[in-house]
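> Take a look at the letters that make up each chain.
There are 2 protein chains.
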Amino acid sequence: MVFEEIECSGDDERFMLEAIKEAAKAASEDEVPVGAVIAKDGVIIARAHNRIESSGRSSAHAEMLAIEEAEAKLGAKWLTGAVMYVTLEPCSMCAGALVLSRISRLVIGADDPKTGACGSLYDIADDPRLNHRIETERGVLGETCSEQLREFFRNRRKTTEECR
Amino acid sequence: MVFEEIECSGDDERFMLEAIKEAAKAASEDEVPVGAVIAKDGVIIARAHNRIESSGRSSAHAEMLAIEEAEAKLGAKWLTGAVMYVTLEPCSMCAGALVLSRISRLVIGADDPKTGACGSLYDIADDPRLNHRIETERGVLGETCSEQLREFFRNRRKTTEECR
Numbered sequence: 011m012v013f014e015e016i017e018c019s020g021d022d023e024r025f026m027l028e029a030i031k032e033a034a035k036a037a038s039e040d041e042v043p044v045g046a047v048i049a050k051d052g053v054i055i056a057r058a059h060n061r062i063e064s065s066g067r068s069s070a071h072a073e074m075l076a077i078e079e080a081e082a083k084l085g086a087k088w089l090t091g092a093v094m095y096v097t098l099e100p101c102s103m104c105a106g107a108l109v110l111s112r113i114s115r116l117v118i119g120a121d122d123p124k125t126g127a128c129g130s131l132y133d134i135a136d137d138p139r140l141n142h143r144i145e146t147e148r149g150v151l152g153e154t155c156s157e158q159l160r161e162f163f164r165n166r167r168k169t170t171e172e173c174r
Numbered sequence: 011m012v013f014e015e016i017e018c019s020g021d022d023e024r025f026m027l028e029a030i031k032e033a034a035k036a037a038s039e040d041e042v043p044v045g046a047v048i049a050k051d052g053v054i055i056a057r058a059h060n061r062i063e064s065s066g067r068s069s070a071h072a073e074m075l076a077i078e079e080a081e082a083k084l085g086a087k088w089l090t091g092a093v094m095y096v097t098l099e100p101c102s103m104c105a106g107a108l109v110l111s112r113i114s115r116l117v118i119g120a121d122d123p124k125t126g127a128c129g130s131l132y133d134i135a136d137d138p139r140l141n142h143r144i145e146t147e148r149g150v151l152g153e154t155c156s157e158q159l160r161e162f163f164r165n166r167r168k169t170t171e172e173c174r
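Heads up: the sequence lines are chains D and Y, in that order. The opening residue of the first sequence carries number 11 in the working numbering; numbering runs sequentially from there. The opening residue of the second sequence carries number 11 in the working numbering; numbering runs sequentially from there.
Warning: the hint list may mix true and false statements.
Same chains, same label: a pair holds when it works inside one copy or across any pair of copies.
[Unchecked claim] With a cut-off of at most 27 Å between alpha-carbon atoms, the simulated DSSO-like pairs for lysine-lysine come out as follows:
no. : residue 1 : residue 2
1   : 35        : 168
2   : 168       : 87
3   : 168       : 124
4   : 87        : 124
5   : 35        : 124
6   : 50        : 31
7   : 35        : 50
8   : 31        : 168
9   : 50        : 83
10  : 31        : 83
11  : 168       : 83
Derived from the structure by calculation, the hints contain no laboratory data. Please read all numbers here as calculations on a predicted model, not as lab measurements.
Produce the complete structure using the sequences and hints provided.
See the structure below:
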């Protein structure tokens, strides 16, 4: 994926491109390429990518690591006023963590019809029964994010077949 | 709460009592008293309690910390064959994390009608659309777990009123 060729028309796309770059780091470490950045007042305060395999922790999703880093940086347990940009729709765990963090806005790249919990299987980020609702936008550089995932799984299948 | 007075009739109740003792540690640290233990082959491999305030991390729920500890102890990212005992019904984040950890069984003390995601608001732990389902049991020493939470909030209200 050549990042310079991706056209960005505004802040949301520019920050999503940074999340895509994080996802590319995951792919290079043989992790499913999902990346996330958190911005506040127009500045990135946390960046992370999937680290499930390298950490041996099933919960080491990009979103969880980014939330943790942002809270540590702000010295606060709440991320009011901050925005998360993530290349793939968060799962139940990550959507729940985002609600707990009280982040203000969530910008998603590709949908995840299998485990997504921000509109696909559930809508945890915007559930009126919970005590915090997150303004959510989907499909920002969505096709690029989807293609990054497809490319990873295509390469993995190829490698597996070559090893047979 | 006098632990010696709590009657346990089997393994589930005995392990839940250990989770209740963890929750009591949380209360003594001025954290909402939720405790969790993870057992495998009849032996406790992880114990944790809420550490949200002391860690400054909104995701530092007892369940998340116990999963992390159990995975580190087993040197594996999956908890197949293990059982979690938790004093309060897990929220979306923790239920999602339990599914990702592929834990085999979940034993819950008190229900959480406000944010519970294992039968109350959602049933993430046993959703046929996800690729892992957890055998779940609710209400084990449920009244004791509820009373522990009620006592904590009663004391907190009292302290707040005294400070006025």
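> Between the shortest in-copy and the shortest cross-copy C-alpha distance, which are at most 27 Å for residue 31 and residue 83: within, between, both, or neither?
within (21 Å within a copy, 33 Å between copies)
> At most 27 Å between CA atoms: does that hold for residue 168 and residue 83 within a copy, between copies, both, or neither?
Neither: 40 Å inside a chain and 34 Å across chains, both beyond 27 Å.
> As a check of your reading, is residue 35 near residue 168 (CA-CA no more than 27 Å) within one copy, between copies, both or neither?
within (20 Å within a copy, 51 Å between copies)
> Given identical chains, is residue 168 near residue 124, meaning Cα to Cα at most 27 Å, within a copy, between copies, both, or neither?
within (23 Å within a copy, 47 Å between copies)
> Using 27 Å as the alpha carbon limit, work out where residue 35 and residue 50 are close: within a copy, between copies, both or neither.
within (23 Å within a copy, 35 Å between copies)
> How would you label the pair residue 87, residue 124 (within, between, both, or neither) given a Cα cut-off of 27 Å?
Between. Shortest inter-copy distance 21 Å satisfies the 27 Å Cα cut-off; intra-copy 30 Å does not.
> Is it within a copy, between copies, both, or neither that the alpha carbon of residue 50 lies no farther than 27 Å from that of residue 83?
within (11 Å within a copy, 37 Å between copies)
> For residue 168 vs residue 87, is the C-alpha pair at or below 27 Å within one copy, between two copies, both, or neither?
Answer is between: at 25 Å across copies they meet the 27 Å cutoff, but 43 Å inside does not.
> Measure nothing new, just compare the shortest in-copy and cross-copy C-alpha distances for residue 50 and residue 31 to 27 Å and report within, between, both or neither.
within (19 Å within a copy, 40 Å between copies)
> At most 27 Å between alpha carbons: which applies to residue 31 and residue 168, within, between, both or neither?
Only inside one copy: residue 31 and residue 168 sit 23 Å apart there, 51 Å across copies, limit 27 Å.
> When Cα atoms must be at most 27 Å apart, do residue 35 and residue 124 count as within-copy, between-copy, both, or neither?
For residue 35 and residue 124, only the intra-copy Cα distance (23 Å) is at most 27 Å; the inter-copy one is 38 Å.
Of the numbered hints stated above, the single one contradicted by the structure is hint 11.
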